[in-house]
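Chains as they are written, first to last, in the working numbering: chain A, 1 to 207; chain B, 1 to 207.
Don't take every hint at face value.
To be verified - Listed next, the stretches of chain B that the computed footprint assigns to chain A, with coverage defined by at least 3 CB atoms under 8 Å from CB atoms of chain A:
id: 1; region: 111–121
id: 2; region: 166–172
To be verified - Only pairs whose alpha carbons sit at most 25 Å apart, straight line, appear in this in silico BS3-like list of lysine-lysine:
id: 3; chain 1: B; residue 1: Lys168; chain 2: A; residue 2: Lys190
id: 4; chain 1: A; residue 1: Lys154; chain 2: B; residue 2: Lys154
id: 5; chain 1: B; residue 1: Lys168; chain 2: A; residue 2: Lys28
id: 6; chain 1: A; residue 1: Lys154; chain 2: B; residue 2: Lys28
id: 7; chain 1: A; residue 1: Lys181; chain 2: B; residue 2: Lys18
id: 8; chain 1: A; residue 1: Lys168; chain 2: B; residue 2: Lys190
id: 9; chain 1: B; residue 1: Lys28; chain 2: A; residue 2: Lys190
id: 10; chain 1: A; residue 1: Lys18; chain 2: B; residue 2: Lys28
id: 11; chain 1: B; residue 1: Lys168; chain 2: A; residue 2: Lys18
id: 12; chain 1: A; residue 1: Lys181; chain 2: B; residue 2: Lys147
Derived from the structure by calculation, the hints contain no laboratory data. As the structure is a computational prediction, the values presented were derived from the model and not from experiment. Note that CB positions come from ideal geometry on N, CA and C, so glycine has one too.
There are 2 protein chains.
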Amino acid sequence: MINIIIADDHRIFIDGVKSLLDSQPDMKVVAIALNGNELLQVMKGTKADVILMDINMPELNGINATALIKKQYPETKVLVLSMYKTKEFSTALLHAGASGYLLKNTGLNELVNAIKMVHEGKKLLDDQLSTIKEKPRDESEKYTLSKRETEIIKLLAQGLTAPEIGEKIFISHYTVETHRKNLLNKLQLKNTAELIKYAAHLGLLDE
Amino acid sequence: MINIIIADDHRIFIDGVKSLLDSQPDMKVVAIALNGNELLQVMKGTKADVILMDINMPELNGINATALIKKQYPETKVLVLSMYKTKEFSTALLHAGASGYLLKNTGLNELVNAIKMVHEGKKLLDDQLSTIKEKPRDESEKYTLSKRETEIIKLLAQGLTAPEIGEKIFISHYTVETHRKNLLNKLQLKNTAELIKYAAHLGLLDE
DNA sequence: AAACAAATACCCCAAAAAGGGTATTGGTAA
DNA sequence: TTACCAATACCCTTTTTGGGGTATTTGTTT
Numbered sequence: 001m002i003n004i005i006i007a008d009d010h011r012i013f014i015d016g017v018k019s020l021l022d023s024q025p026d027m028k029v030v031a032i033a034l035n036g037n038e039l040l041q042v043m044k045g046t047k048a049d050v051i052l053m054d055i056n057m058p059e060l061n062g063i064n065a066t067a068l069i070k071k072q073y074p075e076t077k078v079l080v081l082s083m084y085k086t087k088e089f090s091t092a093l094l095h096a097g098a099s100g101y102l103l104k105n106t107g108l109n110e111l112v113n114a115i116k117m118v119h120e121g122k123k124l125l126d127d128q129l130s131t132i133k134e135k136p137r138d139e140s141e142k143y144t145l146s147k148r149e150t151e152i153i154k155l156l157a158q159g160l161t162a163p164e165i166g167e168k169i170f171i172s173h174y175t176v177e178t179h180r181k182n183l184l185n186k187l188q189l190k191n192t193a194e195l196i197k198y199a200a201h202l203g204l205l206d207e
Numbered sequence: 001m002i003n004i005i006i007a008d009d010h011r012i013f014i015d016g017v018k019s020l021l022d023s024q025p026d027m028k029v030v031a032i033a034l035n036g037n038e039l040l041q042v043m044k045g046t047k048a049d050v051i052l053m054d055i056n057m058p059e060l061n062g063i064n065a066t067a068l069i070k071k072q073y074p075e076t077k078v079l080v081l082s083m084y085k086t087k088e089f090s091t092a093l094l095h096a097g098a099s100g101y102l103l104k105n106t107g108l109n110e111l112v113n114a115i116k117m118v119h120e121g122k123k124l125l126d127d128q129l130s131t132i133k134e135k136p137r138d139e140s141e142k143y144t145l146s147k148r149e150t151e152i153i154k155l156l157a158q159g160l161t162a163p164e165i166g167e168k169i170f171i172s173h174y175t176v177e178t179h180r181k182n183l184l185n186k187l188q189l190k191n192t193a194e195l196i197k198y199a200a201h202l203g204l205l206d207e
């Protein structure tokens, strides 16, 4: 019996997937969480073998949540679901300790197989990502965003300019621009448009 | 008995929601479609009372698809689902003829109620959008994007600059900038960041 | 053929972003 | 206390974007 927690901010999705998985003979959804923080709370009282983690959640995003969970519960497997086929995330997630990464456009059979595979300790990448070239990378590199970085990326994603952001949160526009540059470097993105896209992936739009 | 078609590019979502709705005594999912074009094909052979439409689909997005469906099947009700709480969309969707707009973070009971309400002919807005001020608007205004506009927005969303896009599709960078300005005006957005966000909502990222 | 919308192209100027840095201070963990 | 990271702040220059237009051509529909 594989005990599963589903973490996703889309209630309909949770209810649907729960219904599907509970009808599998060897799987049981033991808890749900609507965001990363709630997931950490839930895990204090519930043992799970596999976390089905949406990357796209408010408050604590899937990447940061995965990193925290693997630190506190190293035996628990994290299978990440995303809408997007994006190479930045597969790398970031592998570094964070996820066991697998699957697109939401896959079907139930693949999902069930994926859960079983990561439960057995296998690493799993969605087939559609299998041709991604692994970037040469310094192991100390991190993808987790600081609080300020998260705040800045959110405000940029709202369409505010650096001067507007500086005025809003009472810092110099130079500082905002420095944060933006740091974000672009850290995440290996080439401009603000890619940064907004990344924010979309992290579920930071409309916050 | 309410006959329903689900249109969404996320197979897991479809399977899950289908499972949930098929267990309702007065509802039946009679078909599914993974994108707007497939939906139009499916509807040629299948009668449905309510379309459950994800706004976020490749090829033919939810707004354009809704407009086409209401023209060809005026009796069919369209209930749109989106991840995002965005005022641009509620307005665009009402103009396109949708009967309702619901966030994916609502639960099953709300979804079931919403389907029943739109089936009865009611207009439905998600509670969370109820405070949106209706913009004074010329009725002739349109939110549907031309092919070129869609192409430009996709390329911008990939992080390409206007000069890069011009070089890529063999037009002047001036033309690209004009398209961008036209898009911003048409969609009443204030800058490229908001345009990328809009592209995210339309599912145009990573295409 | 006429009308209209889409596509194309350009100009001007100001503001912002990008790309290259530099540096100091504050907060936290060891 | 020390070391390290995050946050803050600034400079310079070039490129791009945004905001204001202008105009012509092409394609489609009536």
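Right, here's what the structure says about each hint:
For the region 111–121 of chain B, the proposed coverage by chain A is not satisfied: 1 residues have a C-beta within less than 8 Å of a C-beta in that chain, short of the threshold of three. Counting residues of the region 166–172 of chain B whose CB lies closer than 8 Å to any CB of chain A gives 0, so the stated coverage by that chain is violated, three being the minimum. For the proposed pair lysine 168 of chain B and lysine 190 of chain A, the alpha carbon gap of about 17 Å is at most 25 Å, so the pair holds. About 21 Å separates the Cα atoms of lysine 154 of chain A and lysine 154 of chain B, which keeps this hinted pair within 25 Å; it holds.
Pair hint lysine 168 of chain B plus lysine 28 of chain A does not hold up; C-alpha atoms about 50 Å apart against a cutoff of 25 Å. This hinted pair does not check out: lysine 154 of chain A and lysine 28 of chain B have alpha carbons roughly 40 Å apart, beyond 25 Å. In summary, the hint linking lysine 181 of chain A to lysine 18 of chain B is not supported, as the alpha carbons are separated by about 45 Å, beyond the 25 Å threshold. Among the hinted pairs, lysine 168 of chain A with lysine 190 of chain B is consistent with the structure: their alpha-carbon atoms are about 18 Å apart, no more than 25 Å.
The straight-line distance between the Cα atoms of lysine 28 of chain B and lysine 190 of chain A is roughly 47 Å, outside the 25 Å bound, and the hint therefore fails. With a C-alpha separation of about 19 Å, the suggested pairing of lysine 18 of chain A with lysine 28 of chain B holds against the 25 Å cut-off. A threshold of 25 Å between alpha carbons decides the hint, and for lysine 168 of chain B with lysine 18 of chain A the separation of about 45 Å lies outside it, so the pair is violated. For the hint linking lysine 181 of chain A to lysine 147 of chain B, the alpha-carbon distance of about 34 Å lies beyond 25 Å, and the restraint is violated.
Hints 1, 2, 5, 6, 7, 9, 11 and 12 from the earlier list are contradicted by this structure; the remaining hints agree with it.
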